[in-house]
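Undergrad: Put chain X on the given structure of chain B with help from the hints.
2 protein chains.
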Amino acid sequence: MQTIAQSERKVIVFAGLRNAGKSSVMNAVAGQEASIVSPFAGTTTDPVRKAMELASYGPVLLTDTAGLDDEGAVGNLRVSTAQRMLLQADLIVYIIDGSAGYQETDSANLKLIKQSNTPCIGILNKADLPFAPKSAAPFIEHQISYISYSSINGDKNGLVHFIGANLPAESSETLLGGMLHRGDIVIMVVPIDLGAPKGRLIKPQVYAIRESLDGDAIVIVCKDKELRSVISRLNEPPKLIITDSQAVMRVLPDVPKGTQLTTFSILSARFKGDLAVMVDGLKVIPELEDGDTILIAEACTHHEGADDIGRVKIPRWLANFTKKDLKFEFSRGNDFPDTVSQYKLIIHCGACMLTQKAMHNRLRITALTGTPLVNYGVLISYLQGAMPSVIEPFPEAILAWNELPEAAVY
Amino acid sequence: MQTIAQSERKVIVFAGLRNAGKSSVMNAVAGQEASIVSPFAGTTTDPVRKAMELASYGPVLLTDTAGLDDEGAVGNLRVSTAQRMLLQADLIVYIIDGSAGYQETDSANLKLIKQSNTPCIGILNKADLPFAPKSAAPFIEHQISYISYSSINGDKNGLVHFIGANLPAESSETLLGGMLHRGDIVIMVVPIDLGAPKGRLIKPQVYAIRESLDGDAIVIVCKDKELRSVISRLNEPPKLIITDSQAVMRVLPDVPKGTQLTTFSILSARFKGDLAVMVDGLKVIPELEDGDTILIAEACTHHEGADDIGRVKIPRWLANFTKKDLKFEFSRGNDFPDTVSQYKLIIHCGACMLTQKAMHNRLRITALTGTPLVNYGVLISYLQGAMPSVIEPFPEAILAWNELPEAAVY
Chain B
0 MQTIAQSERK
10 VIVFAGLRNA
20 GKSSVMNAVA
30 GQEASIVSPF
40 AGTTTDPVRK
50 AMELASYGPV
60 LLTDTAGLDD
70 EGAVGNLRVS
80 TAQRMLLQAD
90 LIVYIIDGSA
100 GYQETDSANL
110 KLIKQSNTPC
120 IGILNKADLP
130 FAPKSAAPFI
140 EHQISYISYS
150 SINGDKNGLV
160 HFIGANLPAE
170 SSETLLGGML
180 HRGDIVIMVV
190 PIDLGAPKGR
200 LIKPQVYAIR
210 ESLDGDAIVI
220 VCKDKELRSV
230 ISRLNEPPKL
240 IITDSQAVMR
250 VLPDVPKGTQ
260 LTTFSILSAR
270 FKGDLAVMVD
280 GLKVIPELED
290 GDTILIAEAC
300 THHEGADDIG
310 RVKIPRWLAN
320 FTKKDLKFEF
330 SRGNDFPDTV
340 SQYKLIIHCG
350 ACMLTQKAMH
360 NRLRITALTG
370 TPLVNYGVLI
380 SYLQGAMPSV
390 IEPFPEAILA
400 WNELPEAAVY
Chain X
0 MQTIAQSERK
10 VIVFAGLRNA
20 GKSSVMNAVA
30 GQEASIVSPF
40 AGTTTDPVRK
50 AMELASYGPV
60 LLTDTAGLDD
70 EGAVGNLRVS
80 TAQRMLLQAD
90 LIVYIIDGSA
100 GYQETDSANL
110 KLIKQSNTPC
120 IGILNKADLP
130 FAPKSAAPFI
140 EHQISYISYS
150 SINGDKNGLV
160 HFIGANLPAE
170 SSETLLGGML
180 HRGDIVIMVV
190 PIDLGAPKGR
200 LIKPQVYAIR
210 ESLDGDAIVI
220 VCKDKELRSV
230 ISRLNEPPKL
240 IITDSQAVMR
250 VLPDVPKGTQ
260 LTTFSILSAR
270 FKGDLAVMVD
280 GLKVIPELED
290 GDTILIAEAC
300 THHEGADDIG
310 RVKIPRWLAN
320 FTKKDLKFEF
330 SRGNDFPDTV
340 SQYKLIIHCG
350 ACMLTQKAMH
360 NRLRITALTG
370 TPLVNYGVLI
380 SYLQGAMPSV
390 IEPFPEAILA
400 WNELPEAAVY
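Just so you know, the protein sequences line up as chains B and X, in that order.
So in numbering that gives the first Met the number 0, the last spot in the first sequence is 409, and the numbers never skip.
So in numbering that gives the first Met the number 0, the last spot in the second sequence is 409, and the numbers never skip.
In isolation and in its complexed conformation, chain B is listed as follows (with noise of 0.2 angstroms):
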């Protein structure tokens, strides 16, 4: 029997009130295919967990959830366990008992859930009972797709074909996705510093360097101080100059006429995150007052060397930038805080050590209460001044730069 990691399963969360029929709608998805590949791994004694091949779309984990009933109070900020197992779908499919019709609760859950981007399609169920009037309108104000569908006589393969065709489809993202093309020079700025692991190159430069020679691009790699003589030695301008954060003041005066920059942390926030939902968290900035509460983020946890650029550097370089009077707190590894909302601003690490879709789980966090969250790289280059230059390659982000107040914008 074939191993499929938990990892490469797409998560199909099944939610909704109490009595909506979420288990016998995730029963019939999971008895339409008797090729239920194994039961998932410490789970065979948990009910609500399936793991399975979900027809020609893939291993899929089908979870059912407690009922959401009163989770989902309007102004209800603190993200609850069944909420947070929400965030982590890749798919939530949610529930609403048609013949019924839909409470308040329901409209204030669905709200949640697209407020944290999570995509969502949704059942009206008990089909085989007439519905109650309007029984469809939080699906309707909040624009998510939906089918009827009865567990008594209702089309099965129907209900599996419209879970699996609204599945996600792979991210196909890398982090230089389509910058380079074959022949390119990109010249990579590595400057040796004292946070630099001994004798190795970081993830970000190792992925940059291997995803450059995969499209048949070439690959200069130097410190800050050698770039100039580098670029007087090439007979033509690079397409492209990568810089560690951290060098980018001293790498811009020699980045020739042409030539695009950006930062390894600028490509990882687009990567891994969402550059232009970072460039827009830098608009809280000037708004910064004495007394608020910064979160920093770090999601490995590497030992701390006297001037860490977590714990030491970014604290001091935004109390220089803003004069105020900053708390920070800090969140490390795997932990991530289930509120939010206390926080001005959460300024995370370039994510290296977590998964796309780690990442994308702690932005939905942030995006159900509005709290803005920039990287490590998009805030030092901001306050650095080297904000536009470095996020030009990125229209997006330029529109989200473009869409700051007055007051964020040097």
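Hints are supplied without guarantee of correctness; some may be wrong.
Pairs count within a copy or across copies, as identical chains cannot be separated in the list.
In silico lysine-lysine, BS3-like type, Cα no more than 30 angstroms apart, as pairs [to be verified]:
{"id": "1", "residue 1": "LYS356", "residue 2": "LYS202"}
{"id": "2", "residue 1": "LYS155", "residue 2": "LYS133"}
{"id": "3", "residue 1": "LYS197", "residue 2": "LYS9"}
{"id": "4", "residue 1": "LYS224", "residue 2": "LYS238"}
{"id": "5", "residue 1": "LYS202", "residue 2": "LYS224"}
{"id": "6", "residue 1": "LYS110", "residue 2": "LYS322"}
{"id": "7", "residue 1": "LYS312", "residue 2": "LYS343"}
{"id": "8", "residue 1": "LYS113", "residue 2": "LYS9"}
{"id": "9", "residue 1": "LYS202", "residue 2": "LYS238"}
{"id": "10", "residue 1": "LYS224", "residue 2": "LYS256"}
{"id": "11", "residue 1": "LYS356", "residue 2": "LYS282"}
{"id": "12", "residue 1": "LYS256", "residue 2": "LYS238"}
{"id": "13", "residue 1": "LYS312", "residue 2": "LYS155"}
{"id": "14", "residue 1": "LYS356", "residue 2": "LYS110"}
{"id": "15", "residue 1": "LYS155", "residue 2": "LYS110"}
{"id": "16", "residue 1": "LYS155", "residue 2": "LYS322"}
Everything labelled a hint here was simulated from the structure, so no lab data went into it.
TA: Chain X in isolation, oriented as in the chain B frame:
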């Protein structure tokens, strides 16, 4: 209390015949320093090992051995457990009971130790008693430095300093050791074939890039098919080209005059093993006969593809080159046979997963029986006709090449 990893401790092995006084010498060394920093992990009940700080010479692990009586008889090519422990020493302290005189076995043991190139010093023990005639003869015969000593009235301090001063220095070698200087351009040719790990670079490539940056050199990374384009776009020829072994014949025609060429494997052979020994190992290739057995030793346990370099390609290439019906055996991971005399040749991987010391231990085992050992890259360059071009940067390897029998040089 500071914890020191086993691998950072230099291993001092006290060896000799059963009544030579090994334990009393070791105890004199151990007792000399009150600062026994920690019992060696897992060996607190094992009286034959002591981890300690040896005066100003750093952390060591003292190891007593069972007597080596009758172990090293000439012609007995099997490496016993006790002998294997010897080969893992950073320094062997070989003890002869001067009052009893030496045995033939002492001479045989020391011959074995010298053959394996393991550093060794001698103690002529029991100096409080009258020495038997010629008791130091085996030390003199094998050019081993020695002192006389007595655990009754000897100079313990002198003993400690004799041992400490003979500990081998930390290896300061690196992959590129001394090949590059500030501003030099090095081109690394990295063909991305089916065997390349997905999305990343292999260790020697990452290390070579990082070392070059540490030395303020400029690194260009490209596929082999881009090499000509890269060189044409530079104002000056590069100082050095390092290629993957398998691309060496495609790279060779594009190397500008005055540019040095080598391969990642040859750098590994030099860094982790002994390049001259491996070049010398090529001498056996024209002598291979039908039915000869060859060991292919791979230190990592990667998944084997259909065209695996160690399992498939190298046996095929060698059979084609020699036109002989050769037998191949395989060892993987940490397995390496105690007995290698049955092999006509050992072909070792690049050893990126082995420490320098572990690779040296393997070379000691092969040196004992004079079994030729080459690594993948040295062999591939040879079979492809790229010798001696790729070893030209290394005088000691060129010397070994020039001393190969005529039949081995093409």
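Undergrad: Could you run down the list of hints and mark each one as holding or not?
TA: Hints versus structure:
1. In this assembly of identical chains, LYS356 and LYS202 lie within 30 angstroms of each other by CA distance both inside one copy and across copies; the values are 17 angstroms within and 27 angstroms between.
2. Taking the shortest Cα distances, LYS155 and LYS133 sit within 30 angstroms of each other inside one copy (24 angstroms), while across copies they are farther apart (96 angstroms).
3. In this assembly of identical chains, the alpha carbons of LYS197 and LYS9 lie at most 30 angstroms apart only when taken from different copies (22 angstroms versus 37 angstroms within one copy).
4. In the homo-oligomer, the alpha carbons of LYS224 and LYS238 lie at most 30 angstroms apart both inside one protomer (19 angstroms) and across protomers (19 angstroms), since each shortest distance falls under that limit.
5. Taking identical chains as interchangeable, the C-alpha atoms of LYS202 and LYS224 lie at most 30 angstroms apart whether they share a chain (22 angstroms) or sit on different chains (26 angstroms).
6. In this assembly of identical chains, LYS110 and LYS322 lie within 30 angstroms of each other by CA distance neither inside one copy nor across copies; the values are 37 angstroms within and 74 angstroms between.
7. Taking the shortest alpha-carbon separations for LYS312 and LYS343, only the intra-copy value of 19 angstroms comes in at or below 30 angstroms, while the best inter-copy value is 59 angstroms.
8. In this assembly of identical chains, the alpha carbons of LYS113 and LYS9 lie at most 30 angstroms apart only when taken from the same copy (19 angstroms versus 61 angstroms across copies).
9. Within a single copy, LYS202 and LYS238 get their C-alpha atoms as close as 22 angstroms, and across copies as close as 27 angstroms, so both meet the 30 angstroms cut-off.
10. In this homomeric assembly, LYS224 and LYS256 come within 30 angstroms of each other (Cα to Cα) both inside a single copy, at 19 angstroms, and across copies, at 28 angstroms.
11. Taking identical chains as interchangeable, the C-alpha atoms of LYS356 and LYS282 lie at most 30 angstroms apart only when both belong to the same chain, with a minimum of 25 angstroms there against 55 angstroms between chains.
12. For the homomeric pair LYS256 and LYS238, the shortest alpha-carbon distances inside one copy (10 angstroms) and between copies (28 angstroms) are both at most 30 angstroms.
13. Proximity of LYS312 to LYS155 under the C-alpha cut-off of 30 angstroms is found in neither arrangement, the shortest distances being 57 angstroms within a copy and 52 angstroms between copies.
14. Taking the shortest alpha-carbon separations for LYS356 and LYS110, only the intra-copy value of 21 angstroms comes in at or below 30 angstroms, while the best inter-copy value is 62 angstroms.
15. Taking identical chains as interchangeable, the C-alpha atoms of LYS155 and LYS110 lie at most 30 angstroms apart only when both belong to the same chain, with a minimum of 28 angstroms there against 81 angstroms between chains.
16. When the C-alpha separation of LYS155 and LYS322 is checked against a cutoff of 30 angstroms, the pair qualifies neither within a copy, at 61 angstroms, nor between copies, at 65 angstroms.
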